[in-house]
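K.L.:
Residues per chain, in single letters:
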Amino acid sequence: GMMVLFMDAFGAEGRESHYGYLGLAGLAIAGWLAFKMWGTHSLSFAHTLITDKLSIITSLIYFLIAGLTILFSPGYLRQEERNLAEYYALILFAVVGLVFMTSAQHLVLFFVGLEVLSISLYALAGFVRQRDLCNEAALKYLFLGGFASAILLMGMAFIYSVTGSLYFQDVARYVIHSHPSVALLLGIVLVLVGFFFKVSAAPFHAWAPDVYGGAPAPVAGFMATAAKVAVFGVMLRFLGMAVYPLKVHWIAVVTVVSVASMVIGNFAALRQDNIKRLLAYSSIAHAGYALVGVAAASRQGGAAVLFYMLAYSLMNLGAFGVVSLVGRKGERYVKISDYAGLAAKHPVLAAAMAICFFSLAGVPGTAGFMGKFYVFASGVRAGQIPLVVIAVLNSAVAAYYYLRVVYMMYMEEPKEEYVFTIHPAAVIALVIIVIGIFQLGLIPGGVLSASYSSFAWFMS
Amino acid sequence: MIPLSHVIIFSLVIFFIGVVGALSRRNVFIVLMSIELMLNAVNIALIGISSAVGNLIGQVLAIFIICVAAGEAAVGMAIVVALYRNRFTVNVDAFNLMKW
Amino acid sequence: MSWAQLFFYVFAILAVIMALMVITRRKAVHSAIFLILAFICFAATYVIMNAELLAAIQVLVYAGGVVGLIIFVIMLVGAEEGEVKQTHGQWLIAGFVALLLVVEVAFILLGTLFRPTGALASKMVPAGGNTEALGVVLYTKYLFPFEVASVLLLAAMIGAIVLAKYKLKR
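Residue numbers (the numbering used here), protein chains in the order written: chain A, 6 to 465; chain B, 162 to 261; chain C, 3 to 172.
Extracted from the complex, chain A is given alone in its bound form (with noise of 0.2 Å):
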């Protein structure tokens, strides 16, 4: 409550993009509020929102995200003159709706607060009116969410018929008690469903690459992570504790999406040569490494999860916002040949790109390899070895096209010189990244701790 006040009263409609530090400060606020009430456990506003540990956690790393995000946009809007303060906003809004997503225990709140972010995303997608790549992102992600959302709600209102209740409790007494009837089952595939449309997983990845392909890039990366974060909390939550008994149904399920995506992902993203479009297919696959987490289904997947998601939400922010860096007015330097000779011209650039590359590839002493090592250990520990196999395998296959990008950079003569200008708060954004992703990929004691914590009540 106290934490969507501050963010509301500074999500204020302003001008220029002082507003932006003002929703940057708002964030700071809410972040700090957030970590004072770390302990806490507490059911509030008749049980449908939980405040405990993974809620905080998965709030800390929003408003870790949005700040980030928030840092690379100045630079990116004046770019392209449409400098309003509204963006701000509809982040913020956007991140109301993340906050209670995770922290529902109730599926109609949970229902809400993914409309706020959807509806706000579908704004931020189309942000850039004048380019017709923008309305069309927009109205692509309209249409597949619209339909996403319809198939979630079906499989709520099955989960509805059978157990009465829509709280996580309830379906959980539900389903311990007695033997689970078609209906129910159904409904647990519709949702799930509905989860696999938004984190963009393989049967229904078919609008990632073209939504964040033509989305504005810090609202892509933006999208690419928190959405991600979000609805991979949520399905933990939703699966390990209201239908955690379920367990061998759904593993099955998990499985498959997550060997789908992760070969859809990367094999389709070997022949791109549209740095977006590629990153749009790397965060496919990597959706489906965090899918061995929650195959895992158990406390240590859950944190690795969590863990994972932390890692790569990093590092596809940093390569999202160089990506922005580059693309200058109008996004026309999306190439990956367009990055030829980079190092030359701007090393300190360059070696961000690098960094965000290796840690995404999984490159030891990054992030990237710290989150894949706790998700497939978490795996093999669940007895899931054909799949940490193959993503293991599909791992090496995707360093190929990351490894691709930092040679185009480091090895190739630059074509022609590069011009454009590098907004102070998006360097700050890189530093905080690089910092990141080496503390995480160093000494990643104290998250992985935390994220272990938070699951500790509720999955065996």
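Because the hints were derived from the structure by calculation, they are not lab data. Beta carbons are placed, not taken as given, at the ideal position from N, Cα and C, and that holds for glycine. Treat the hints loosely; a few may be bogus.
Unchecked claim - Beta-carbon label-pair distances, calculated as ranges:
| # | chain 1 | residue 1 | chain 2 | residue 2 | range |
| --- | --- | --- | --- | --- | --- |
| 1 | A | R386 | C | G66 | 18 to 26 Å |
| 2 | B | N216 | A | L275 | 50 to 58 Å |
| 3 | A | V187 | C | A6 | 52 to 60 Å |
| 4 | A | D175 | C | L8 | 41 to 49 Å |
| 5 | C | S152 | A | D278 | 38 to 46 Å |
| 6 | C | M77 | A | L275 | 43 to 51 Å |
Unchecked claim - What the simulated footprint calls covered on chain A by chain B, stretch by stretch (three residues with Cβ under 8 Å from a Cβ of chain B suffice, anywhere in the stretch; the number is not a length):
| # | segment |
| --- | --- |
| 7 | 152-161 |
| 8 | 168-178 |
| 9 | 256-262 |
Start from chain A and add chains B and C according to the hints.
P.N.:
Here is chains B and C on its own, set in the frame of chain A:
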């Protein structure tokens, strides 16, 4: 009275009409209307179930769905207007700027 | 077959026909009008399933507001330039996908038709009618999602303005 399964079958039929409409038609408006149809089908199912199960949670969710659908339609129309300003067509398949 | 049941089936079938018309009409305006009729039939079925408040909301918000907005934008954008003959291929694929879904779900549901939970729509008319009961629940147990829904509408408004307003002053 009306058996619940008939209500659910009725809502599923409407749901699949919406699915067919959304997938096959190429006019933006008809696709948006099909999505509204799908959300309404869920509403029917929820109201039927809430009267069968006895508590009102279904109808509360139905109210929120109506609210969300209205918001979505508003943003959808704004996007269509913005799109129309850039290009003078609203056929969905005309937007193939993004090659695969 | 009490009157209520008869009415329910009449309106249900009517609604299905209207929905079919919505997706088959060539002109967008025609399908919008059929959408209004479909929503009114839905509202009628809500009343039979004793959800009067929702029936009123449905007619007001959906049939009046949303479809009104859609028709307004259809007029503005003039989507009447006629649709190019869509290829039958696409129609078949969509039809096939939908058919698959229908068969699969119907099969499952038929399996559960004889569920022990007695799938009767019980005649449950709470005291003071549906509106009061719904109001009580909405403002006590579900106050918080209600607040979040208000944030949602605010975000939708800002989004719509940002995307569509003609001259965004500096």
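K.L.:
Give a verdict on every hint.
P.N.:
Evaluation of the provided hints:
Between R386/A and G66/C the beta carbons are some 57 Å apart, a value that contradicts the proposed interval 18 to 26 Å. In this structure the hint that N216/B and L275/A lie 50 to 58 Å apart at CB holds, the actual value being about 52 Å. At roughly 29 Å, the beta-carbon separation of V187/A and A6/C lies outside the given 52 to 60 Å, and the hint is violated. In this structure the supplied range 41 to 49 Å is violated for D175/A paired with L8/C, their Cβ-Cβ distance being about 36 Å.
Taking 38 to 46 Å as the suggested C-beta distance range, the pair S152/C and D278/A conforms, at roughly 45 Å. Taken as a hint, the range 43 to 51 Å holds for the pair M77/C and L275/A, whose Cβ atoms sit roughly 47 Å apart. For a cut-off of 8 Å, the count of residues in the segment 152-161 of chain A with a CB near a CB of chain B stands at 6, and the three-residue condition holds. Under the rule that three or more residues need a Cβ within less than 8 Å of chain B, the assignment of the segment 168-178 of chain A holds, with 3 such residues.
Counting residues of the segment 256-262 of chain A whose C-beta lies closer than 8 Å to any C-beta of chain B gives 0; at least three are required, and the coverage claim is violated.
Violation of the numbered hints given earlier is confined to hints 1, 3, 4, 9; the remaining hints are satisfied by the structure.
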